[in-house]
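Colleague: Residue numbers (our numbering), protein chains in the order written: chain A, 1402 to 1677; chain B, 638 to 958.
Treat each hint with caution, since some may be false.
[Stated by the list, open to error] Derived DEER-like restraints, expressed as beta-carbon distance ranges:
| no. | chain 1 | residue 1 | chain 2 | residue 2 | range |
| --- | --- | --- | --- | --- | --- |
| 1 | A | K1493 | B | F757 | 44 to 54 Å |
| 2 | B | G719 | A | E1638 | 29 to 39 Å |
| 3 | A | E1535 | B | T718 | 32 to 42 Å |
| 4 | A | A1521 | B | E831 | 46 to 56 Å |
| 5 | B | G887 | A | M1622 | 17 to 27 Å |
| 6 | A | R1587 | B | G887 | 49 to 59 Å |
| 7 | A | P1623 | B | P735 | 33 to 43 Å |
[Unchecked claim] Some chain B residues near chain A, calculated using beta-carbon distances under 7 Å:
| no. | residue |
| --- | --- |
| 8 | L682 |
| 9 | A689 |
| 10 | L736 |
| 11 | M781 |
| 12 | G848 |
| 13 | G880 |
| 14 | E901 |
If you are wondering where the hints come from, they were derived from the structure by calculation, not from laboratory data.
Glycine included, every Cβ here is placed at the ideal spot set by N, Cα and C.
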Amino acid sequence: MAQANPRILPGYRLSISFTLLYLSVLVIIPLGACVVTATQLTWDQFRAAVWTERARAAYALTFGASFIAACISAILGLLIAWVLVRYEFPGKRIFDALVDLPFALPTAVAGLVFSNLYVANGWLGRFLVPLGIEGAYSRLAVVLVLVFIGFPFVVRTLQPVLGALDAEAEEAAGLLGASRWQTFRRVTFPAILPGLLTGFALAFARGLGEYGSVVFVSGNMPFKTEIAAFLIVSRLEEGRPNSYREATAIATVLLAASFVMLVFINRLEALSRRSA
Amino acid sequence: MRSAELKTEDLSPSDGVPSGSGSSVPHSALRTPRSQDPRWVRITLTSLALLAMTVLVVIPVISVFVEAFADGAGAYWNNLTGDADTRHAVLLTLMVAPLAVLCNLVFGVAAAWAITRFKFPGRTLLVTLIDVPFSVSPIVAGLMFVILFAGWGVFGPWLEANGLRVLFTVPGLVLVTTFVTLPFVARELIPVMEAIGPDEELAALSLGANGRQIFWRITLPNIKWGLLYGVILCNARAMGEFGAVYVVSGRIAGETCTMPLQVEVLFQDFNSPAAFALASVLTMLAVVTLLLKVWVEGRVRGQKAEGSEEPQMTQKDADKT
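The task is simple: from the sequences and hints, build the whole structure.
Modeller: Structure (structure tokens):
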């Protein structure tokens, strides 16, 4: 391997040893310590910690809300990306820049604002609550705020894909008599599907771990609106002799889920790169 | 997007020349607006997208400022500066975030240099490892450092024996913020340096430049916009980080509460105006981040267009002949 790219340039040893040291101290050792602490529990203790009724409810909400939010993000993200790439309208550049706002806005601010907007006397809540739509301190609130956090991932993965699409294929489909809807379904959609799935997966993965915004909007009621991340924090703060181990056990479940997503996303990205 | 526009501009003159080659078909396809959607479809989809953006992004941002200024500018200013804990939180964030960014800046440059300029076994693994902090939940990230440094933790007993503390202190905040924002600079630099390639650096080396000269005179000027882009994103996240610092800080008001944590403390105290006042500062930081980002993106794209000039020239030449 070394022959292909001989180490002519200076700084190999310095940069690689610094990189490895830095990653060891900040990533490998903490991750290792977390996993080791979880394995200090026996299998039965581990199962008892991660599979309580309260924990199951928390997983169901975390995964369920993230999944629903990622689905909504995928649809909204496709719509927004489509409009931004294909149509012209006044203020387009501002809207394009605003898509990044959820990335830049601290999650605590997002949580604070969303909870305030959807309560009964809030700007949006005053119209929605009379209709029976509780957009604050409910499961719906969790989904809402996760859509806010998640949709930019879909827009930003789809924009380059849509922009690079071959117009010829669509024109050909049109010339052969396909309707616009048929062209979209048969020609455009299959081409953007890997990108759409990547965006979906990114939004979903982000939703699984999200804490800052959810903690403000959900109300954090055990069995009802408590997410897994909040359960970790409350276990950690209980201060029982074994409670930090239980917290770690639940954390390993979340860690495992995020690693599965990481591998999945890497695969998807490789796939969409190949098809591009 | 921009590169496609550039290409059409460059190629459009050749469209006028009846060259007879089949290559003019994709040019015209590029030049025509892509959408043949009927007008009502365009209008409906655009309105729906704008509506979604308004509800999700525009209304929340406006409401932050309306709520913050609900009792007038005087009350707003008093909410921000009257409370010692809030003042401390602002200063703490202004200290923690730059420290974390600085660490990750040095790391990002070192990692990108190692990964893009040398081949070694385990290179792909290293790139994946750099991405890990992005996929770890902030709460889990915080917990990992609690496990390391708590009294019952891995290094806890040793730290206690030496009279040191990391948890619930500022160094702990810096450490966990650095972990959470670790990938930003490296991720931005790796593709940039990959695209530029080592040729200029190799040329400098052959002309007798040493490592430091190569870095300051060749590499840094080439990557500066990418570097700045990474730093901007890294800083935004570092200032806004909530979950990870929530776990390791202990949330001691006036000591370890950063701005986002202080927002939560004020919110829990039912001091909504003060929470919104502080949130408005964070929102302004986010807006400034966006503006800087747009500006730097333009620069990065300009640089890329410069870099890709060569193949376009040859394309043109080929068209002429």
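Colleague: Just pull the numbers of the violated hints for me, sorted ascending.
Modeller: 10
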